[in-house]
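Student: All chains should be modelled from the sequences, with the hints used to inform the complete structure.
So the sequence lines, in the order shown, correspond to chains A and B. The first sequence begins at 1 in our numbering and counts up one residue at a time. The second sequence begins at 332 in our numbering and counts up one residue at a time.
Any given hint could be a false lead.
[To be verified] Stretch by stretch, here's where chain B covers chain A in the computed footprint (C-beta under 8 Å, at least three residues):
#	segment
1	51-62
2	157-167
3	292-305
[Said to hold, decoys possible] Below, a list of computed lysine-lysine pairs in the DSBU-like style, where the Cα atoms sit at most 35 Å apart:
#	chain 1	residue 1	chain 2	residue 2
4	A	Lys-161	B	Lys-349
5	A	Lys-50	B	Lys-485
6	B	Lys-484	A	Lys-13
7	B	Lys-485	A	Lys-259
8	B	Lys-349	A	Lys-123
9	B	Lys-460	A	Lys-123
10	B	Lys-349	A	Lys-13
11	B	Lys-426	A	Lys-9
12	B	Lys-485	A	Lys-169
13	B	Lys-488	A	Lys-123
14	A	Lys-223	B	Lys-426
Think of the hints as simulated: they come from the structure by calculation, not from any bench. Yeah, the Cβ is synthetic: ideal placement off N, Cα and C, and Gly gets one too.
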Amino acid sequence: MKTNMPLSKPVRKMIDQVEGLLDTELLLVRNAEGVTGGTLIDIYTYDVEKNIIILPSQNIGLLKDFIISKHCVSLLIRGAAAKKSHYRVCSFNQKTVSKGMRQIYIDSLKDEAKKVKKLPVQKLLEMLFIIYMQFHGNINELPWNPIINSRVYYKLPQLRKTQLYLLLKEGKTDMDCSMEFEDIIPRRYFVLDKSMFYARDLFLAHTLPADSLSPLINIPQMKKFDHLEVKEMMTTRWTHTAWYQSKVFGDTMLAMLDKDLKVNWNPTASLDYYNELYETGVKLTDDLLGFMTMKDWFVWDTPRHQRAALEKVDVYEHAALKDIFGDLIAE
Amino acid sequence: MQVPKRMAVNPVADLIRKGNAYARRTKYHEAIAHYEKALQIDPRNPEGWCMRASAYIETERYAEAVADCERAISLNQNYAEAWSKKGRALYQLEKINEALAAVSRALALNSNDITGWYIKGICLDELGKSNEAQGAFARSLELEIILDIDTEKKKIKK
Numbered sequence: 001m002k003t004n005m006p007l008s009k010p011v012r013k014m015i016d017q018v019e020g021l022l023d024t025e026l027l028l029v030r031n032a033e034g035v036t037g038g039t040l041i042d043i044y045t046y047d048v049e050k051n052i053i054i055l056p057s058q059n060i061g062l063l064k065d066f067i068i069s070k071h072c073v074s075l076l077i078r079g080a081a082a083k084k085s086h087y088r089v090c091s092f093n094q095k096t097v098s099k100g101m102r103q104i105y106i107d108s109l110k111d112e113a114k115k116v117k118k119l120p121v122q123k124l125l126e127m128l129f130i131i132y133m134q135f136h137g138n139i140n141e142l143p144w145n146p147i148i149n150s151r152v153y154y155k156l157p158q159l160r161k162t163q164l165y166l167l168l169k170e171g172k173t174d175m176d177c178s179m180e181f182e183d184i185i186p187r188r189y190f191v192l193d194k195s196m197f198y199a200r201d202l203f204l205a206h207t208l209p210a211d212s213l214s215p216l217i218n219i220p221q222m223k224k225f226d227h228l229e230v231k232e233m234m235t236t237r238w239t240h241t242a243w244y245q246s247k248v249f250g251d252t253m254l255a256m257l258d259k260d261l262k263v264n265w266n267p268t269a270s271l272d273y274y275n276e277l278y279e280t281g282v283k284l285t286d287d288l289l290g291f292m293t294m295k296d297w298f299v300w301d302t303p304r305h306q307r308a309a310l311e312k313v314d315v316y317e318h319a320a321l322k323d324i325f326g327d328l329i330a331e
Numbered sequence: 332m333q334v335p336k337r338m339a340v341n342p343v344a345d346l347i348r349k350g351n352a353y354a355r356r357t358k359y360h361e362a363i364a365h366y367e368k369a370l371q372i373d374p375r376n377p378e379g380w381c382m383r384a385s386a387y388i389e390t391e392r393y394a395e396a397v398a399d400c401e402r403a404i405s406l407n408q409n410y411a412e413a414w415s416k417k418g419r420a421l422y423q424l425e426k427i428n429e430a431l432a433a434v435s436r437a438l439a440l441n442s443n444d445i446t447g448w449y450i451k452g453i454c455l456d457e458l459g460k461s462n463e464a465q466g467a468f469a470r471s472l473e474l475e476i477i478l479d480i481d482t483e484k485k486k487i488k489k
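Tutor: Right, dumping it as structure tokens:
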């Protein structure tokens, strides 16, 4: 481990475990521009020689320790998968981008037909790829989040209060995100996006267990559904709102999380165990993609494949637009 | 008569300010050079010693950091930041009991020192006093959350 930061004992142990199990070195770096929640750049996913965790400068105590722990678990899962089986990520190619964008376009048309104020065509075209990539980001992050948080919760009980604060903050940020585009994003995608975060937060609320994590308490738009009777919820007044629909879809996703994440969160650490967590994450990702009818939107492939795909996003976007609209799109 | 602007500048404060700007950009060697110039002009400036100690800590020159903190403290016994940095440097040198004494003094002078409470927690934990350590960690977390909320608010305002 390379760092001059003071670290609490359980975090130092955690880092030792990462380095021991994966036979690798971990570098901790502080950066004033570091994003909230920190960043993990690992040798298994990126074309780098060292594993680095970049921490925001303002996190100097236990907040920093929790961020490190979370990324350590993530690194162990990726590393174990790379060493034990085949580490794959949800990547994309020209064909999958076309499929995803075409579906988003069809759903947009349904929404636009009902709108008084239509979205300008150019904006609509731009939105297709933005939404596609938003789900690419979500699906590569969200299924792993409850796995990592559950593991940290059991492995490092000293950090539970810290974890609770950061999860509350994360939950609120995710639910507030893209709110200003609520009327622009096709309803289906707005709802699915919010449902994923809703399901994650509710899963963590009863797994950790922390009642105060519940989106039904913390998210202003969802508060009205807390303790609301089924009969009341079935009235037209509620069923037409995106947030009601997010709750309905989110409850189904929560059932998936509950089913897939029946894991022993606190066994002795080993590569086999972290590889098992990886397989669990893959299964959950597949189930969520199936539920959202997005199975053919992405493809499991190597991180190298994904890096190459990310370099070709402009090409893929243009090719997909040509595929959907033909000659209406200029060369 | 107005004093010309150039004459109004305090060269020591100016050098320390420049050093701090370098330190914020993690250019610690440049920062140290500026603090040194400041200390050559005014070796009785506790802030100069304390800031150089801070840069030494970042460059892992812990023994020199302790020495600088002691110079700063000798000039101002109630300099909380110097006590805190001394504690941090001593911790890195694995002098746990001395580190604990230094941060305890820092916290008596400034009870809002997040790093101070955090180092105190680590030191107590190392000494097997885990209940007391939890108390120190809890206080550190409380202060860090307040700082984090403030930082987020500033980001939103921007």
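Student: Going straight from one Cα to the other, do Lys-485/B and Lys-169/A come out at no more than 35 Å?
Tutor: holds (15 Å)
Student: Okay, the segment 51-62 of chain A and chain B, do three or more residues pass the C-beta test at under 8 Å?
Tutor: With 5 residues close enough to chain B, the hint holds.
Student: Given the hint that Lys-223/A pairs with Lys-426/B, does the C-alpha gap stay at or below 35 Å?
Tutor: violated (52 Å)
Student: For a C-alpha distance cap of 35 Å, please report whether Lys-349/B and Lys-13/A respect it.
Tutor: It is violated: about 39 Å lies between the C-alpha atoms, which goes past 35 Å.
Student: Verify the proposed pairing of Lys-484/B with Lys-13/A, using a straight-line Cα cut of 35 Å.
Tutor: holds (34 Å)
Student: Do the alpha carbons of Lys-488/B and Lys-123/A lie within 35 Å of each other, as the hint requires?
Tutor: Within the cut-off at roughly 28 Å; holds.
Student: Mind checking, does the segment 292-305 of chain A have 3 or more residues with a CB under 8 Å from chain B?
Tutor: violated (count 0)
Student: With the threshold set at 35 Å, check whether the alpha-carbon distance from Lys-161/A to Lys-349/B stays at or below it.
Tutor: violated (39 Å)
Student: Counting residues of the segment 157-167 of chain A that have a beta-carbon nearer than 8 Å to any beta-carbon of chain B, does the count reach 3?
Tutor: As far as the segment 157-167 of chain A goes, the hint holds, because 4 residues have Cβ atoms under 8 Å from chain B.
Student: Are the Cα atoms of Lys-485/B and Lys-259/A separated by 35 Å or less?
Tutor: Distance ~41 Å between Lys-485/B and Lys-259/A Cα, so the pair is violated.
Student: Are Lys-349/B and Lys-123/A close enough, with their CA atoms no more than 35 Å apart?
Tutor: violated (47 Å)
Student: CA of Lys-426/B to CA of Lys-9/A, is that 35 Å or under?
Tutor: holds (16 Å)
Hints 3, 4, 7, 8, 9, 10, 14 from the list above are not met by this structure, while the remaining hints are.
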